[in-house]
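Now that you have both chains on their own, put them together as the hints suggest.
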Amino acid sequence: MTLTQAEKAAVVTIWAKVATQADAIGAESLERLFSSYPQTKTYFPHFDLSQGSAQLRGHGSKVMNAVGEAVKHVDDIRGALAKLSELHAYILRVDPVNFKLLSHCILCSVAARYPSDFTPEVHAAWDKFLSSVSSVLTEKYR
Amino acid sequence: MVHWSAEEKQLISSIWGKVNVEECGAEALARLLIVYPWTQRFFSNFGNLSSPTAIIGNPKVRAHGKKVLTSFGEAVKNLDNIKGTYSKLSELHCEKLHVDPENFRLLGDILVIVLASHFGRDFTPACQFAWQKLVGVVAHALARRYH
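Protein chains in written order, with the UniProt record's numbering: chain A, 1 to 142; chain B, 1 to 147.
Chain B extracted, bound-state conformation (with noise of 0.2 Å):
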């Protein structure tokens, strides 16, 4: 089991707290798309991804980025179960979707760049480590029932 300190998680829930889930995880899916584009290749029915600004006004890109950045609050909710949270989520990554783990890593550096973006001089170093930590977290445990 992780071990979070009082003040990890309150760097987070604060944070999390202003976070506008829809937008952030949109964007943040829309920027994994853009600055890594083989990362398009699980998405081939979503249409038009052919350009930054296709990518962007794309409602499917729009509608999963919510749906992926949803997700990432149970492990907020849950911060002293998310592997057990994202138990049946890893195997479907695995067995259905077939997506090599190393894409929650850089999914995850995307969204704490987004934080930042947005959060400018409140995403301090101590709030960028406690972020990390728990981007860190959520990869390790989509990727624990991999075989």
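Chain A extracted, bound-state conformation (with noise of 0.2 Å):
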């Protein structure tokens, strides 16, 4: 699944909006995730996952850090997040099925606070970035 020009263009003009705002939009991604999605948790035992607890901020920026490298590279998201790709497929094996839950909240979140920029258009866009950036973190599975 390859991103077209458009899409590339929307994903990138609505970045610059959330990346001011990215840090709390990755504590709100996680709360809308462990909330919804509670056997997400299982991932995280040796976290404090209250609301506002500093390793659920500092991880929902580090998620956002990455989205941020790969709306960079949109070009080439495969080579943005080669490592994080190791990263999953060899040490964190999240199970796949997770990165679709987490897109959606991350595009729940960009719509509660973006609800004029979240055009039909830019959801189809987000949504089909998300799902290119999980498929590349998820590819070296197996």
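Everything labelled a hint here was simulated from the structure, so no lab data went into it.
For glycine and all other residues, C-beta sits at the position ideal for the given N, C-alpha and C.
Straight-line Cα separation of at most 20 Å, DMTMM-like style, residue types lysine to aspartate or glutamate; simulated pairs: (1) A:8 <-> A:75; (2) A:140 <-> A:95; (3) A:100 <-> B:100; (4) A:83 <-> A:69; (5) B:18 <-> B:7; (6) A:128 <-> B:102; (7) B:83 <-> B:95; (8) A:100 <-> B:102; (9) A:128 <-> A:117.
The following residues of chain B were derived to be distant from chain A, with all beta-carbon distances above 12 Å: (10) 6; (11) 44; (12) 46; (13) 71; (14) 83.
Structural data, given as structure tokens:
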């Protein structure tokens, strides 16, 4: 699945806004993930997952930084996330189904904060982009 | 039977009370057709679905979106018997419409995103949890009579 030029442009444009609140959006997305899909907490037994926890905020930042890298290198997401891809395949081994869940929660957080920017076209581009990122992160699993 | 806590019921009904079913339904269906274009396979008689603009402006999409979300309202009104509420609709979607139940999950998630965009901060994680549960139960009920 490749993004069209228009889709890449939509991703980059809205990222400019999202980036200004990346940390908060990251934390909120994780909060939504753990709340709506409690089974995802099994990957974080070592974390304090209470609302506003430092670990939640720190990890949310990490996730959004990676998303930002993918945006910056939207023409070569595979190259940009190669190390992360190996990390997820060999160390973290998060079941692939969970990438869809987190992507959905990121979309919810972005939609909630930027409703007028989150047009159907932008929604489609971001869904596809996050799906691409998820594919890259799971492609070395087997 | 699904168990709903008082808080979940309250989160669901307080949001639902502020939903414009016609607008929200139209938007949810349009986004489904735009974000997951393969879902257009069920709507070959809807006319022009060639672009997001065409889909959003398509009167059949609007009308059908309203129909779908109105039906969803039945679940909200009958949280304690969603299975029974959708029994006939489930048979219809299987036997006449031949819709893969995965599409119910896709539409449910799109609806959650539409609600997030309409309600912003008010669509808290707790709120999302209640609504994810609801759309999941509805999807399950619609798939239940498949054979």
